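Novice: Since the structure of chain B is already known, use the hints to place chains Z and X on it.
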Amino acid sequence: MSKIAASEIAFIEHFDSFNSMMTSTQPNWLNQKRADAFTNYRTNGLPTGRRGNESWKYTDVRDISNTAFANSSEDLITSITEKDLLDSSHLNKNWSTLVFINGVYSSSLSTQNPNDGIQITNIKDALGSHGQIIERHLGKYIAPDDDPFVLLNTAFINDGAFIYIPKGIASQDPIHVIYFSTSETDPTISHPRTLIVTEEFSETTLIESYVGTPKAKYFTNNVTEIVIGEESRVDHYRLLLDNPDSFHIGTTVVHQEKASTFSSTSLQKGAALGRHNLTSTLAAPQSTCNLNGLYMTTGSQHIDNYINIEHIEPHTTSRLYYKGILDGSSRAIFGGTVTVQRGAMKTDAQQKDKNLLLSREAEVDSKPALFIYADDVICGHGATAGHMDDNSVFYMQSRGIDLLTARRMLIKAFASEIIEEVKIDSLREYLEDLFVSFEDELTLLQASSI
Amino acid sequence: MLEVHDLHASVGEIKILRGINFTVKKGETHAIMGPNGSGKSTFANVLAGRPEYTVTKGEVLLDGKNLLSMEPDVRAREGVFLAMQYPVELPGVRYNQFLKAALDAIREHKGEDQIDIRAFNQLLKEKGDLVEINPDLMRRNVNEGFSGGEKKRSEILQMALLEPHLALLDETDSGLDIDALKTVADGVNRLQDPEKSVILVTHYQRLLNYISPDFVHVLIDGKIAKSGDHKLALELENKGYDWLRETIPPVSETSGESAS
Amino acid sequence: MTNPNNPNVISRQSKIDDQEYKWGFTIDVDSDVAPKGLNEDIVRLISEKKSEPPWMLEWRLRAFRLWEKMRDEEPEWANVEYPSIDYQDIIYYASPLTKDNDRPKSLDEVDPEMLQAFEKLGIPLNEREALAGVAVDAVMDSSSVTTTFKEKLEELGIIFCSFSEAIQNHPELIKKYLGTVVPYSDNFFATLNSAVFSDGSFAYIPPGVRCPMELMTYFRINEADSGQFERTLIIADKGSYVSYLEGCTAPIRKKSQLHAAVVELVALDDAEIKYSTLQNWYPGDKDGQGGVYNFVTKRGKAQGINSKISWTQVETGSAITWKYPSVILQGDNSSGEFYSVALVNNHQQADTGTKMTHIGKNTRSTIIAKGISAGKAENTYRGLVKIMPSAEGAKNFTQCDSLLIGDQCGAHTVPYIEVKNPTAQIEHEATTSKVSDDQLFYCMQRGVSAEESNYMIINGFCRDIFKELPFEFAVEAGNLLRVSLEGTVG
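Residue numbers (my numbering), protein chains in the order written: chain B, 105 to 554; chain Z, 38 to 297; chain X, 1308 to 1797.
Chain B on its own, in the form it takes in the complex (with noise of 0.2 Å):
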């Protein structure tokens, strides 16, 4: 490759001057850690070749590394109103909300109402108030460390979402953190950052959103880490929600610590090419995650879901339960990979992947890994992939349903099982009504397609 990609001298351009910006204002620790991102994102840049390339052998970034990208500017973008945002996502004026446009944070836009020593707050600020906890957690996680986008993240590590939960506490409501991107002319990028802290016998909600203006051209590259404690909780749901003219490429990194919980619900209709990494550590004994997640991709969107779970101590449980659903020529991948280190006995396992392809050029991968290194263990995956079951429908309309109808109800019953398990009443309300506006979208419940 003799060409260098458009986004590597942009991402150069603006390391270089981004760094100088940085360097007066960050921690060194912290300017340490971004220019050591920075060098090693250098080495391999972003993953172009596939060959042998597992962890990106079904998504092609090239329309990423194509792409020029404008910085981000340090200012406020102020032209996004709330409007914009209860355009774009479930905004709830009782939670506590954090905005951020473009990667930068909105205090306008955002609402705040901690209690019990709960800190909801950006990065940026809690720098200075919390600098020690941050510094103890950030980037600490993060295996394997070399991950491109990733280490882009920590390169240009700027603000995001700074949560922490004091011993004890459980935080009543949800919090919401609304990552919104927007262009105008050329195409931009946002690196937002965020680090849930929550410390033991604690609950928290979690929702981030992830949306942006409609067909405006940007590319969200996200890394949040959520570090639970001992016998502490965390209800984390993800949506994205980008237009479906943009990039999004997210991580979350998920540490466990003992008796702890973390179940977390994926939704993702947005993007034009969409990834989110997700990895759960099971670091001690009687921890357990709950991972379920629905895509749904019309057009040419591209979906892929590249998830780890870790199982490092003994009794610990993980379940996972992923569906797709595809139309159009869009193409949803599914890597999900169980591994049981040495020793981690009486570890209990699951992980169910099931996809409906709707469409002739709709496709779909699925690999679903187990790597088991103990033998006192339960642990079994199953994938399916299919289309509408011909004798459901039939069986519907000789009961008087008509064909559209049946349709839509069985693809709604395919859904419902990640849907009716989103325990907030009023945001499972607004994923009903998301989906029903995906339904719209799907030919097959156009008229036109009887």
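Since the hints were derived computationally from the structure, they do not count as laboratory data.
Heads up, some of the hints might be wrong.
[What the hints assert, rightly or not] Here are some chain X residues pointing at chain Z (derived, C-beta under 7 Å):
{"no.": "1", "residue": "Val-1516"}
{"no.": "2", "residue": "Met-1520"}
{"no.": "3", "residue": "Phe-1748"}
{"no.": "4", "residue": "Tyr-1749"}
{"no.": "5", "residue": "Gln-1752"}
{"no.": "6", "residue": "Arg-1753"}
{"no.": "7", "residue": "Gly-1767"}
{"no.": "8", "residue": "Phe-1768"}
Since the model is a prediction, treat every value here as computed from it, not as a measurement.
Built from N, CA and C at the ideal position, the CB exists for glycine as well.
Specialist: What follows is chains Z and X alone, placed relative to chain B:
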């Protein structure tokens, strides 16, 4: 034939049996009753040598031999049979092949030759008729796809085939309808002879309508709280178990009553 | 279960003994051996030794020249580790010497030492004593020794002979099919094989013929420092059926030996090929010293409509196994099956599975893979199910089960599912567990010893695969399993 002295056993850190003294003579039938969690199933399983139970104290003699030092398969060859509450499935292991291997191991232990395959099939058929089991099951994998009743009948069939000296029946009556219960009881009754002993572990008195025990023991909190004859079972049916709880002396003071 | 003073415990400590590899003897026969190393001259020498026609030499040389360019492309993606192979330290041609320095024309000309040797392996080559209903092609190192029941098969028009003979006597068939399923450019090891393959078996079943006996090839590495590069080609013409068996052993050698074979199967309309393997190459000793590197490319093309190809393998040998018997489901309504037991113990490593490529309409594939890991061994199932856009109504069912014995081994399942047609139905399931304490206790409570109980349960775990094997092979597979499991339960 069976002598149990001050038997203590636990699972992990949890103490379940706290000093059991108990004697069974040849030809006797004993019923062990007790509320859930009293340790009655544990007792049967410890005698058979189930590995998750740890014996922390005590002695068990079978015809004068130290039972606790034997591996489970040796205990079986010495004539201990446990009809299990939840018989495990063995995928891919054919029922008839499994039972032939078991019978041959026991015969070899007695110094007898392996059984001829035709004689075995004949024997299996006879015993199957005895417990009215569907002969198709014998060509299937062990316990795989068996209904609850079929599993219990199959346990009794195995007992009839292997002819143990000491049969332990762990809640064999649970989950059976009345017809199955009668068949199972019939199978047990036919097995009884002056050389063989039976220990029935049961929560309900119901089975004792069909099998009359010589002795009834009530196990509460890992100890025998009361022993008596079959009338005790009827008393339990009327009064439940709670009235017996008060009669147990504190654990630290005594090592438990001796039965029979 | 850790209290040593507690007698009420079944000890399940894995105690790995030097298990006896009873096929480990060397046969003392004179051999014609090429110098070590690989270059164009060696390729020419092999071709010349076999008096091959120029087109065959040309094909080999094309492969060799490509292989030289592929030197950096030795596959690294498999979940196996081994020291790098010095391809110049291998003998590429070794052939047992016969009187005329030529292949024996009848059994009388075969070195009696060799006949004895095969007898010792349980493969009598004398037709009077031969396994009933099995025709055998015996291959030692680089050469086919003899083929039994040839005349009987010829009456039906069935060709079953060594690959070398087929090149001489049936060049039109070889030219038509060689490399059509596994091209010489396919992968590093297949390309190497294409350049230096020495012998192997060839079978052709004419239209409408149901082969009345099992065809079997018995492979034996004998020479030290030699590699074995055989090539097998089986063609089932329209409406025919054949069941083919393959067995293999090697002597105990301190140094590892390379085995890089290629197998190509072609099934035309309504034809069926059933291919069974008992792979028992020397696995190395308990410390992982020596053993065969088994890097094999096996692929079948279900080319015709309603054709069927079925692979059954029981893999207990080799230090390292790298093989993925695959089926290209090209004909409409064609089907492919893969039944596998892979057992690894001590330091063995296996990365094996299958690839089912659905091209034709209503194609079916079934994959049942059972992996057993013991000792310090690593076992990986790697499989690809690919549904092409043309494969309307394709169906796949996959079940992968792994069993671990002891806490120092590994069991891995890496399936790839690629679906490009919405009418396909794909189902994949996998489980990993150990022989449960409850199962072991249940058997022991009925009087069966711990070792026998363990064997019984594991044999049951493999039943779905063993029942796919011809009867004699199923019995042999059970024995292999027993030997390989020795010492895994104390």
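Novice: Each hint should be assessed against the structure and marked as holding or not.
Specialist: Do the hints match the structure? See the list:
With a cut of 7 Å, the hint placing Val-1516/X at the interface with chain Z is violated, because the nearest CB-to-CB distance is about 35 Å. Interface restraint check for Met-1520/X: the shortest CB-CB distance to chain Z comes to about 28 Å, outside 7 Å, so the restraint is violated. Residue-level restraint check for Phe-1748/X holds (minimum Cβ-Cβ distance to chain Z is 5 Å; threshold 7 Å). For Tyr-1749/X, the interface hint holds, the least distance from its beta-carbon to any beta-carbon of chain Z being 5 Å, beneath 7 Å.
The interface hint given for Gln-1752/X is met, as the beta carbon of that residue sits about 5 Å from the closest beta carbon of chain Z, less than 7 Å. For Arg-1753/X, the suggested interface contact is upheld, since its CB lies about 4 Å from the closest CB of chain Z, less than 7 Å. Look at Gly-1767/X: its Cβ gets to within about 3 Å of chain Z, closer than 7 Å, so that hint holds up. Interface hint at Phe-1768/X: satisfied, since its Cβ lies 6 Å from the closest Cβ of chain Z, which is below the 7 Å cut-off.
Going through the hint list in order, the structure does not satisfy hints 1 and 2.
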